[in-house]
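> Just so you know, the sequences run in chain order B and C. Per this note's numbering, the very first residue in the first sequence carries number 57; after that it's consecutive. Per this note's numbering, the very first residue in the second sequence carries number 57; after that it's consecutive.
Heads up, a few of these hints could be off.
Said to hold, decoys possible - Label-pair restraints from in silico Cβ distances:
1) 127/C / 136/B: 27 to 37 Å
2) 189/B / 172/C: 40 to 50 Å
3) 64/B / 230/C: 37 to 47 Å
4) 201/B / 72/C: 49 to 59 Å
5) 127/C / 134/B: 26 to 36 Å
6) 234/B / 88/C: 35 to 45 Å
7) 145/C / 134/B: 30 to 40 Å
8) 130/C / 100/B: 34 to 44 Å
9) 112/C / 109/B: 26 to 36 Å
Everything labelled a hint here was simulated from the structure, so no lab data went into it. Glycine is no exception: its CB is placed at the ideal position from the N, C-alpha and C atoms.
Protein chains: 2
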Amino acid sequence: MEADRRTRLAPDERRAQLVALGVASLADRPLEALTIEYLSAQAGVSRGLLFYYFGSKQGLHREVVSTARDSMLHATEPAGHFPPLSRLHDTLTRIVQFVRDHRGTFFSLVRGAASGDREVREVVEQARAVQAERVIAVFLEMGVADSEMLRIALRAWVAFAEQTLVDSALNTEMSSEEIVSFLERSVKAVTQAVR
Amino acid sequence: MEADRRTRLAPDERRAQLVALGVASLADRPLEALTIEYLSAQAGVSRGLLFYYFGSKQGLHREVVSTARDSMLHATEPAGHFPPLSRLHDTLTRIVQFVRDHRGTFFSLVRGAASGDREVREVVEQARAVQAERVIAVFLEMGVADSEMLRIALRAWVAFAEQTLVDSALNTEMSSEEIVSFLERSVKAVTQAVR
């Protein structure tokens, strides 16, 4: 409470500011390293205030990963006015751009899938499910027959794309066009492999 | 030490037996639920003996996951005397078989990738790296040109296959032949998408 008196921020604004600081820290350090102590030192607020807002390190991680996920989903949201394949191209282009602009955030989302905390994993799983639904919608709109195998294939392709993005967009100097183009060819190829 | 006097097993054999009991427990329960207390009750040995052998729950998990990984890699080891595509077919058939025979073990390996413990994650990463090398070898043997993108694509395909196996072999009654055949088509399709 003490910290609130020092600023003019309402509690909700202060809380959002602390979450944003947590997301920003992912640029330089993994999620595991985002502790209450670290954020307390960075934000110049007491550990007590952070425990009051987030309850625990896990609580802080859930909020930070949810916010990172929402910003990724928002930044890569399909533009509805394109026909399906152009929309796919546009979405993939924006995903590669997001990954390169926010390396730490993206990597933490992928690594969030490897969190020991079930709720953090679920936050990341939701992002994968949304991305899979977006890709499924593209192919259904193009007239591809809906089937259990198509849905399995495109959910699996999201895992494929995530690994490709880590290995290419984060770890090489490969051009963004080349990565987008490979992702496009691979998702069409996988869809054709469904039969 | 007390427990050793009660049996005729040498310490190494008793240790291996405890690890095997841990691996077997994955059939019914997730890795997180494999605690020192649980294994102590199951094996009828003292918690102290388990701490003596494994040091901690993390130490126990590392041994159990390493053993599960080795048994998966061994069961799916390529038979060297087949030409590349037959070897791929044979390996994929044995992977689907392994997944269906050892559902809990496979699922724990996938979930081990989602362990909060870095060393447990690395054990699982090694298995993925081995599987990727096996698939890369098949395509190089067939004369596909080696490239950074080919290696990225086939490592990503291993993540694809893992997700496909969870969603199809574990969660549906789809026939094993159908799953193998889809995995074969998808890996050829992804390789062709490399260019």
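> Per the hint of 34 to 44 Å, is the separation of the Cβ atoms of residue 130/C and residue 100/B within bounds?
At 55 Å between Cβs, range violated.
> Can you let me know if the beta-carbon spacing of residue 234/B and residue 88/C is within 35 to 45 Å?
holds, 40 Å
> With respect to the beta-carbon atoms only, verify the hint that residue 127/C and residue 136/B lie 27 to 37 Å apart.
violated, 49 Å
> Does the beta carbon distance between residue 201/B and residue 72/C stay inside 49 to 59 Å, or does it fall outside?
holds, 51 Å
> Given a hinted range of 40 to 50 Å, is it respected by the beta-carbon distance of residue 189/B and residue 172/C?
violated, 28 Å
> If you check the beta carbons of residue 64/B and residue 230/C, does the distance land in 37 to 47 Å?
Because 60 Å falls outside the window, the suggested range is violated.
> Check the following: the C-beta atoms of residue 145/C and residue 134/B are separated by a distance inside 30 to 40 Å.
holds, 37 Å
> With respect to the beta-carbon atoms only, verify the hint that residue 112/C and residue 109/B lie 26 to 36 Å apart.
This hint holds: roughly 31 Å between Cβ atoms.
> Residue 127/C and residue 134/B, beta-carbon distance inside 26 to 36 Å?
violated, 43 Å
The earlier numbered hints that this structure contradicts are 1, 2, 3, 5 and 8.
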